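Line order of the protein sequences matches chains A and B. Quick note: the first sequence, position 354, residue 354 per our numbering, numbers continuous. Just so we're on the same page, our numbering is the position in the second sequence counted from 1, plus 530.
Since the hints were made in silico from the structure, they are not lab data. These numbers were taken from a predicted model, which means no experiment stands behind them. Built from N, CA and C at the ideal position, the CB exists for glycine as well. The reader is advised that the hints may include incorrect statements.
With the C-beta cut set under 7 Å, the calculated list includes, among others, these residues of chain B facing chain A [to be verified]: (1) 555; (2) 687; (3) 693; (4) 695; (5) 697; (6) 789; (7) 792; (8) 802.
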Amino acid sequence: MNELDYLKVQHALGRLSRRDFIGRAIALGASAVAVNSLVLGAEALAAETAQKGGTLRLGLGGGSTTDSLNPLSWNDSVMIDVGFGLFNGLVENSAENRPVPELAEKYEPKDGAKTWIFTLRKGVMFHNGKEFDADDAVYSLNLHRGSDTKSGAAGPMKAVADVKKLDKNQIEVTLASGNADFPTVLTDYHLMMVPNGFTDWAKPVGTGAFTVDRFDPGVRIALKKAGPYWKADRGLLDAVEYNVINDTSARMNALISGQVDAINRADPKTVSRIAKSPTLEIVRAAGGWYPVMAMQDDRDPYTNLDLRKAMKYAVDREQMIKTLFSGYGTLGNDNPIPKSDPYFNSQLEQLKYDPDKAKFYFKKAGLADAKIVLQTSDAAFNGAVDMATLLQATAGKAGITVDVKKEPADGYFDNVWLKGAFVASYWGGRPAATQMLDIAYQSKAPWNESHWNSPKFDKLLTDAQGEVDEAKRKSYIWDMQAMLTDESGTLIPCFRDWLDAKNKKVGGHTPHSGFDMDNGRIAEKAFLKA
Amino acid sequence: MIKLIAQRLALGLMTLFAASVLIFAGTEILPGDLASAILQTNATPESLAAMRKELGLDRPPTTRYVEWLSGAAHGNFGVSLANKRDVAEEIAPRLQNTIFLALYAALIAVPLAVALGLLAAVNQGGFYDRLVNVVTLMTVSVPEYFVAYILIKYLAVQLGWFPSLANVTPDTPLLERMNLTFLPMLTLVLVITGHMMRMTRASVLSVMASPYIEMALLKGLPKWRIVVQHAFPNALAPIINVIALDLAYLIVGVVIVEAVFVYPGLGQLMVDAVSKHDVPVVQACGLIFAVIYILLNMTADILAIMSNPRLRHPR
């Protein structure tokens, strides 16, 4: 146990006041933001009387027989949740959606956030007994770089120009251009720390709280405690069992009948059954996942700004939340930054369904017989067809005719997405606002589905990425959101909540806006109450 | 007799060959080339060509078909594209689970259905006959997931008698395995008993209309003896056929039941493989299903022949 963790436990137990705790933690070199989250974490822990031991049984959707233990291949809940049990990253995404130290205990930007120095935590052991050091960190990051990497994090890691060891406990990461959000990029669940040269993915070796006990992909994965964990307040369970239950009703039933202790992706339509139960509860977090209807700004008739405006007022956003997520969602404002993001522009006026305004702009556009065809399929996401039909109905009331074209599910993302002029799809949220804006709205981004092309926007984005000053960054990001809300062809009616459910005896399973099951960290954060 | 059986076997082999051609051709014409399915967004023309070469997709389909079939005949189904595991190894425990559930359901459903059917035939037109008819018609008519959810709602959630998750592992002991798979078994029993029971009743009754039964009646034999001893053996052929069809369904058609109860069977594996374009697994599953279907039908044919003295002793 290091000094900081010791203090944390002392504070949780009430032997150290908050003021003393903060003072001593800062003296130890932790940053003010990090200490703040430490305080909250320690206090939340004390409030729930953490217990050691027990087996947590999870019922999770988002697993398949084709899953493997190689972090490069992960893309869905089950393996993400398993991954955070086995491994640690350099940086963690805190409950407040901010980067906080994990295996890197400190990080500092240089040259306009172009170079980053990461100081690594000392004394953390891999499961095989080797101590974690700079060579491991360099190797682990490089797994996701280069033209031939198969990593799901290859995209965000493309910005990395070089990773260099400075000494045994320090590495230097150089970026192609400045990015003040780089620590947030490192919270990605692919970027796990493994021993230098490690390749035997069937028998993973990490620094996490658990090791693999049984791996039966798509059916059941069991982890057991690896021994003493370097985070004193986490990894309290003896074992974690991941039952893959992709059928929503089966998952709900398993929780209600007590065969599992917690589930992800609770069914919004029937989740009220859980809310009513005396032993169960919902874990709900506003999230960054959102459905999209993207008009390509450079293709007729969508080149017409007034038509795009008309469409913005033709979306009944409230009704979308009800139809798509049974009310478990938050309003969208045609820009991809959700309320849960620290850089959410709270002063933008919320777009509302207004048939009169829609009619007005549609008339102004002067395209009375414009052919508006929305291509959709439930392959985009479950409910994408409903979304299109609802837009058709609400736009119809404003005198705008929208044709809904149902496309074949197979190959939807190959043949329709990025190709059609008006297409339904979705995005999972990104931990950093600049990351989301970069991936889908930068004029040269390959996934720029609305062909949004604005030199002013691109410049704001580059400036925001390179800006270390919080206030300035915020103003840049706010401006970009305003531009998208006012003019972009992307209709973002709403954001989906993460909806987990659990037995009340499970503690430490807190809502997180990043992803379901406490942003994947359920294994190390949860405990069973006596 | 032996000649007849040999004929059936030869026919079965030919059907299997035809099925293998269909399976291979079917996976060939799936939209989306295999290499692009693997590479997804990383696909550049060069990497696609390299991947096609690595997978051997650049060679003519007939060559690949012959290689695949001869491999399969030796039990070598290749390697899964998604996780690089040996397909045969991946399928074996799943196939065992599927067969276990099918046998479990069949051992209960077949005797039950035949007994119920015979009783109904004995009591033709009576209260019991009508009751069984209505009840089985109901269980046959509702879709299996509906039956499954109703069973879960009452037996698992409200009463808590049986688990709703049938997540067995290879080392689950037999008794626990039977408990875990009780609800899926019951669902399947409810779904198939109706077919078999009604077929038993109908074919026994049709035999009951023949002259030799009238003779037996006039002789004063009791009704149960006429049904069991005289009518039933002569009604066996259609009953065996419907049983074979239901057994085949139990093995190849229970994907929905597997999904509802989270049972790690072959159907679930195949669905996963199809959605990930994992062609070797899809082909292997398809071939195994074909073998089982053909084998069961052939067995039914042979048993039907054996149950018929005229066919057993051809002049």
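Do the hints match the structure? See the list:
1. 555: violated (17 Å)
2. 687: holds (5 Å)
3. 693: With a closest approach of 6 Å, the residue 693 of chain B hint holds.
4. 695: Since the shortest Cβ distance to chain A is 5 Å, the answer is holds.
5. 697: For residue 697 of chain B, the interface hint holds, since the closest Cβ of chain A sits about 5 Å away, which is under 7 Å.
6. 789: It holds, given that the least Cβ distance between residue 789 of chain B and chain A is near 5 Å, below 7 Å.
7. 792: holds (5 Å)
8. 802: Hint on residue 802 of chain B: holds, closest Cβ of chain A at ~4 Å, below 7 Å.
In this structure, the one hint that does not hold is number 1.
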